[in-house]
Amino acid sequence: GIQVEQSPPDLILQEGANSTLRCNFSDSVNNLQWFHQNPWGQLINLFYIPSGTKQNGRLSATTVATERYSLLYISSSQTTDSGVYFCAPPRPNFGNEKLTFGTGTRLTIIP
Amino acid sequence: EPEVTQTPSHQVTQMGQEVILRCVPISNHLYFYWYRQILGQKVEFLVSFYNNEISEKSEIFDDQFSVERPDGSNFTLKIRSTKLEDSAMYFCASSEAPGRTEAFFGQGTRLTVV
Chain A
95 GIQVEQSPPD LILQEGANST LRCNFSDSVN NLQWFHQNPW GQLINLFYIP
145 SGTKQNGRLS ATTVATERYS LLYISSSQTT DSGVYFCAPP RPNFGNEKLT
195 FGTGTRLTII P
Chain B
170 EPEVTQTPSH QVTQMGQEVI LRCVPISNHL YFYWYRQILG QKVEFLVSFY
220 NNEISEKSEI FDDQFSVERP DGSNFTLKIR STKLEDSAMY FCASSEAPGR
270 TEAFFGQGTR LTVV
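Residue numbers (the numbering used here), protein chains in the order written: chain A, 95 to 205; chain B, 170 to 283.
FYI, nobody ran anything at the bench for these hints, they're computed from the structure.
Glycine included, each C-beta is placed from N, C-alpha and C at the ideal position.
Incorrect hints may appear among the rest.
To be verified - If you want a taste of the chain B side facing chain A, the calculated C-beta under 10 Å gives, among others:
| id | residue |
| --- | --- |
| 1 | Y204 |
| 2 | V212 |
| 3 | Y219 |
| 4 | N220 |
| 5 | N221 |
| 6 | S227 |
| 7 | F234 |
| 8 | L253 |
| 9 | S256 |
| 10 | F260 |
| 11 | E271 |
| 12 | A272 |
Said to hold, decoys possible - Cβ-to-Cβ under 8 Å is the rule here; a few derived chain A residues that face chain B:
| id | residue |
| --- | --- |
| 13 | Q127 |
| 14 | G135 |
| 15 | L137 |
| 16 | E161 |
| 17 | Y163 |
| 18 | Y167 |
| 19 | Q172 |
| 20 | S176 |
| 21 | F180 |
| 22 | L193 |
| 23 | G196 |
| 24 | G198 |
| 25 | R200 |
| 26 | T202 |
Unchecked claim - The following residues of chain A were derived to be distant from chain B, with all beta-carbon distances above 12 Å:
| id | residue |
| --- | --- |
| 27 | Q100 |
| 28 | I106 |
| 29 | E109 |
| 30 | N125 |
| 31 | Q136 |
| 32 | T147 |
| 33 | S154 |
| 34 | P184 |
| 35 | R185 |
| 36 | T197 |
Okay, chain A solo, but in the shape it has when bound (with noise of 0.2 Å):
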């Protein structure tokens, strides 16, 4: 199956700081969603990006698919946003039946 790395592992940053979490890939994607995972262990969707850039406030998205990588922007972080960020892409040429995740991003925002 499909191979995800997620970078860095962990990532303790000041609030008002930027940051980019970056997702590696194996195989070729139709698609790619990211997520938040809070402090409560619920998953929220971020972004869902087959390609190109998206942009939802504060935070953007970029997949390069043929390069095999994907990449989400925070900026001007706040304490809201500590928690653990995946990306999840799909299996390869078979559409959105089963997501793969990555190990993600332990991001963690000190006052």
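Given the structure of chain A, go ahead and fit chain B onto it with the hints provided.
Below, chain B without anything else, positioned relative to chain A:
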């Protein structure tokens, strides 16, 4: 905004007991999934369900697990005889159709087997 809902949010059960985790997917969605996350680990696929049958299952999804759509709105995961290693967060998800559509996750059920 439509959402996937799961009940209960937390369940504690004795080893060997049967548990049923319940989910109400988004109403116009056709594909349903269960994933699990052991504490501190990544989220793992268990099973997908489409057109009233399992479309794919992982090696984790052995004979102790079963899924059912008992009516037009609920989707359940049953674990027949729980083991300590079944302790995890279980997530239900749904998507509108297979292929190129976004999956939405419920808030999870934290299962603790004692």
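Here is how each hint holds up against the structure:
Proximity of Y204(B) to chain A holds as hinted, the smallest CB-CB distance being about 8 Å (cut-off 10 Å). A least Cβ separation of about 4 Å between V212(B) and chain A falls short of the 10 Å threshold, and the interface hint therefore holds. Contact between Y219(B) and chain A, as hinted, is supported at the beta carbon level, the nearest pair being about 8 Å apart and thus within 10 Å. Taking 10 Å as the C-beta cut-off, the interface hint given for N220(B) is violated, the closest approach to chain A being about 12 Å.
Contact between N221(B) and chain A, as hinted, is not supported at the beta carbon level, the nearest pair being about 16 Å apart and thus beyond 10 Å. Residue-level restraint check for S227(B) holds (minimum Cβ-Cβ distance to chain A is 8 Å; threshold 10 Å). A distance limit of 10 Å between C-beta atoms decides the matter here; for F234(B) the minimum to chain A is near 16 Å, and the interface restraint is violated. The criterion of a C-beta within 10 Å of any C-beta in chain A is not met by L253(B), whose closest approach is roughly 19 Å, and the hint is violated.
Interface hint status for S256(B): violated, as the beta-carbon distance to the closest one in chain A is roughly 13 Å, over 10 Å. This hint holds: F260(B) has a C-beta 6 Å from the nearest C-beta of chain A, less than the 10 Å allowed. Proximity of E271(B) to chain A holds as hinted, the smallest CB-CB distance being about 4 Å (cut-off 10 Å). Hint status for A272(B) relative to chain A: holds, with the closest Cβ pair at about 6 Å, below 10 Å.
Residue-level restraint check for Q127(A) holds (minimum Cβ-Cβ distance to chain B is 7 Å; threshold 8 Å). A least Cβ separation of about 5 Å between G135(A) and chain B falls short of the 8 Å threshold, and the interface hint therefore holds. Restraint check, L137(A) versus chain B: the minimum CB separation of about 4 Å is within 8 Å; hint holds. Hint on E161(A) is violated. Least Cβ distance to chain B is approximately 20 Å, over the 8 Å limit.
Hint on Y163(A) is violated. Least Cβ distance to chain B is approximately 18 Å, over the 8 Å limit. Look at Y167(A): its Cβ only gets to about 20 Å from chain B, farther than 8 Å, so that hint breaks. Given the 8 Å rule on beta carbons, the hint for Q172(A) is violated: about 21 Å separates it from the nearest Cβ of chain B. A cut of 8 Å between beta carbons decides the hint on S176(A): the least distance to chain B is about 16 Å, and the hint is violated.
The closest approach between the C-beta of F180(A) and any C-beta of chain B is roughly 7 Å, which is under the 8 Å cut-off, so the hint is satisfied. Checking L193(A) against chain B by beta carbon gives a least distance of about 6 Å; that is within 8 Å, so the hint holds. Among the interface hints, the one on G196(A) holds; its C-beta lies about 7 Å from the nearest C-beta in chain B, closer than the 8 Å criterion. Look at G198(A): its Cβ gets to within about 6 Å of chain B, closer than 8 Å, so that hint holds up.
Of the supplied interface hints, the one on R200(A) is violated, with its beta-carbon coming no nearer than about 10 Å to a beta-carbon of chain B, more than 8 Å. Nearest Cβ of chain B to the Cβ of T202(A): about 15 Å, over the 8 Å cut. The hint is violated. Residue placement check: Q100(A) does not keep its beta carbon more than 12 Å from all beta carbons of chain B (closest about 9 Å). Residue-level check passed: I106(A) sits 18 Å from the nearest beta carbon of chain B, beyond 12 Å.
Even its closest Cβ contact with chain B, about 25 Å, leaves E109(A) beyond 12 Å, as expected for a residue assigned away from the interface. With a closest Cβ-Cβ approach of about 6 Å to chain B, N125(A) is found to fall inside the 12 Å limit, against its non-interface label. Look at Q136(A): its CB is around 5 Å from the nearest CB on chain B, not clear of 12 Å, so calling it non-interface is violated. A cut-off of 12 Å between C-beta atoms confirms that T147(A) is not in contact with chain B; the least separation is 17 Å.
Listed as a non-interface residue, S154(A) keeps its Cβ farther than 12 Å from every Cβ of chain B; the least gap is roughly 17 Å. A cut-off of 12 Å between C-beta atoms contradicts the statement that P184(A) is not in contact with chain B; the least separation is 8 Å. Here R185(A) does not stay apart from chain B, with its beta-carbon only about 9 Å from theirs, under the 12 Å limit. A beta-carbon of chain B comes within 12 Å of the beta-carbon of T197(A); the shortest separation is about 5 Å.
Hints 4, 5, 7, 8, 9, 16, 17, 18, 19, 20, 25, 26, 27, 30, 31, 34, 35 and 36, counting from the list given before, are not met by this structure.
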